[in-house]
Structure formats: structure tokens, C-alpha cells
Amino acid sequence: MRKQNYLKGLVDSLPIALGYYAVSITIGVAAASAGLGIAESGLASFTSFSSAGEFAGFSVIAASGSYIEMAVMQLIINARYILMSAALSQKLEQNTGITERLIMGLGVTDEIFGLSISVPGRLSPYYTFGVISLTIPAWTLGTITGAVLGSIMPDILISAFSVSLYGMFIAVFIPPARKSRIIAALVVVSFALSYIMNRLSMFDFISGGTKIIILTAVISFAAAVLFPVKEEDDV
Amino acid sequence: MSEAYIYILTMAAVTYAVRVLPLTLIRKKIKNRTLRSFLYYVPYVTLSVMTFPAILSATGSPVSAAAALIVGILAAYFGGSLFVVAAGCSIAVIIIELFIV
Numbered sequence: 001m002r003k004q005n006y007l008k009g010l011v012d013s014l015p016i017a018l019g020y021y022a023v024s025i026t027i028g029v030a031a032a033s034a035g036l037g038i039a040e041s042g043l044a045s046f047t048s049f050s051s052a053g054e055f056a057g058f059s060v061i062a063a064s065g066s067y068i069e070m071a072v073m074q075l076i077i078n079a080r081y082i083l084m085s086a087a088l089s090q091k092l093e094q095n096t097g098i099t100e101r102l103i104m105g106l107g108v109t110d111e112i113f114g115l116s117i118s119v120p121g122r123l124s125p126y127y128t129f130g131v132i133s134l135t136i137p138a139w140t141l142g143t144i145t146g147a148v149l150g151s152i153m154p155d156i157l158i159s160a161f162s163v164s165l166y167g168m169f170i171a172v173f174i175p176p177a178r179k180s181r182i183i184a185a186l187v188v189v190s191f192a193l194s195y196i197m198n199r200l201s202m203f204d205f206i207s208g209g210t211k212i213i214i215l216t217a218v219i220s221f222a223a224a225v226l227f228p229v230k231e232e233d234d235v
Numbered sequence: 236m237s238e239a240y241i242y243i244l245t246m247a248a249v250t251y252a253v254r255v256l257p258l259t260l261i262r263k264k265i266k267n268r269t270l271r272s273f274l275y276y277v278p279y280v281t282l283s284v285m286t287f288p289a290i291l292s293a294t295g296s297p298v299s300a301a302a303a304l305i306v307g308i309l310a311a312y313f314g315g316s317l318f319v320v321a322a323g324c325s326i327a328v329i330i331i332e333l334f335i336v
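Those protein sequence lines, which keep their order, are chains A and B.
Counting in our numbering, the first sequence runs from 1 upward without gaps.
Counting in our numbering, the second sequence runs from 236 upward without gaps.
Everything labelled a hint here was simulated from the structure, so no lab data went into it.
None of the hints are false.
These stretches of chain B come out as covered by chain A in the derived footprint (C-beta under 8 Å, 3 or more residues): (1) 263-271; (2) 274-282; (3) 285-297; (4) 306-315.
Quick list of in silico lysine-lysine cross-link-like pairs, DSBU-like style, CA-CA up to 35 Å: (5) A/Lys211 to B/Lys264; (6) B/Lys266 to A/Lys91; (7) A/Lys91 to B/Lys264; (8) B/Lys266 to A/Lys211; (9) A/Lys91 to A/Lys211; (10) A/Lys230 to B/Lys264; (11) A/Lys211 to A/Lys179; (12) B/Lys266 to A/Lys3; (13) A/Lys8 to A/Lys211.
Where a beta carbon is used, it is the ideal one built from N, C-alpha and C, also for glycine.
Could you put together the complete structure from these sequences and hints?
What follows is the structure, given as C-alpha cells:
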């Protein structure tokens, strides 16, 4: 069962790994322009494994910001992972061991979260191990590629790869929206409020990562109060 | 240890803490119904919020991005797998950017 879950994780994460490879080329370019060397760029991606966090982090490095500033910035930008990690904790068997949880923590990213939550029933840690053993190297290699080659990849390929990441998000929230009117309505409300918050200049002082946290917390909480889930709906 | 490595270590430590603490600290099924409902809705809301309007600026033109969004929604609605939906979005972008925009 462990091996099967691991292999399934590997296979399912292939589109994510391809997308990550492409997206992280941009990360590598950003790392190089912030003054990081090739090895440092690769190490940053291998250890942080977070697009928004790394982009923001490189801007702190480029500006020679303080380490405190770096820590606070990472905390704010990546705070949405707290919610995702909490949601994942409810999808695990209760007896999942500490070591397995510690390793799973490495792989809490937007896309891997989306993939993990779409697994029917309980989530096996070995599924996640399969996912991260392909995606973390892809992310790291893409970053190194970007740091070495700069931006010689044709734009159209970058476009195609970046959009596939959103395709994966869509594949996670549309099928349940088809089955549940509440989730369908939530998707529409989320699109609308996210659009408003990103287009109105009065919200410009809030970073992209923080907007995601605020919208997620407010909309999900409102839904939880208005439409509490029944026992059988729960993951 | 050079400054760059301290920055990288700080980034990694904070990011990992945020990711791993809830997973390791929440060992039991959460009993509170509102909190459980909240966590049930979080994935769908957060993925929707991250998709739109960000997808519109993910490609060379808003037209190809909008096409990808529509193709993705249709493919997912009619039961396409994760890979089919993702590939459908990419192909939509390539076709639009090669032939139309």
C-alpha cells in the first residue's frame, strides 16, 4: 500500500513538477538579479520551496534588509500555509507518526495542497512523499536553470507552463462545485471579491499573499457560520 | 557563513515552521463544528482566490489567459483529470498565442 501510494503520488505530481520547473526558471532569474550565486539560488529553492516567499525574500536580500524583516515577511506571505496545514491534519489518519508529519510539512505548497486535498478519503503520507520527491528537485533544478541561462526560454512556453498551474487549481475546485451549490457559490464569490481586492487601488498597500489570507479567512468563516457542514460531508 | 546563507536559512526556517506546526500539533479530529466547517471550505476558497484574477496575468495576453480559464473550467466540469485540465489550459494558451494574438 505504501509503495502504491508513493507511486501514485509520483505520477499525479508530474504536471506540477513540469509547471514548477518552468515557473522556477523565473525564480532563478530573480535570485540571480538579487545577487545570489547559482548554488545559493538552488539552495534557496531547495529549502524554501515557495514561489511568493522566495520572490519576496530575494527583494529583501537585494535591499540588504534585516533578518527580522526577512522573517516577518516570510511569516506573512506564507501564513496561508498555516490554514492549509491545519486542513491537511484533518485528512490524515490520527495515528500518522511524527516523522511522517515532519516530512509532509516540507511539501505544503499551493499546488501540492490542491492535489492532496483532492485525494478521495484519507491522505497517505506516502502519497505526499511521492509528490515531493519529484516536485522539490524540479523546483530546484528549474531555479538553477534560470540562474544559469537567464531568460532564453521562449515566452510562449513560459506562458503555457505557468497557466497549467492554475489549471490544476481549477481541476480541484470545479468538480465539488458541480456537486454542491454552496461550493459553486463560494467559487463565484471568491472570484468576485478577489477581483475587487486586486483591482481597487485602495487595497494596494496589502501584499498579494496577505490578500489571499484575508479573503480565505473571511469567506471561509462566513461560509462556516452560514452553512456548517454535516458530519458526513467532512473529509 | 556568508550573509546570503543566513538569509536563506531564515527564509527556510520560517517557511517550514508555518507549514509543519499545524500538521504536527493538531493530532485529533477537531470537534468544534464551525472550525471544522471553516477548514472544510478553506481549500476551495483559497484555490479560487489564487486562481482569479491572477490567471489573467499569467500569460502573454489576457485573451489567451481567459481562454485557458474557460477551457480549464469546462474540462474540469466535464470530468477531466488533473492532468487533462492542466494540459487543456496550456494547449489553449499555445493555440491562442500562436495563431490569434
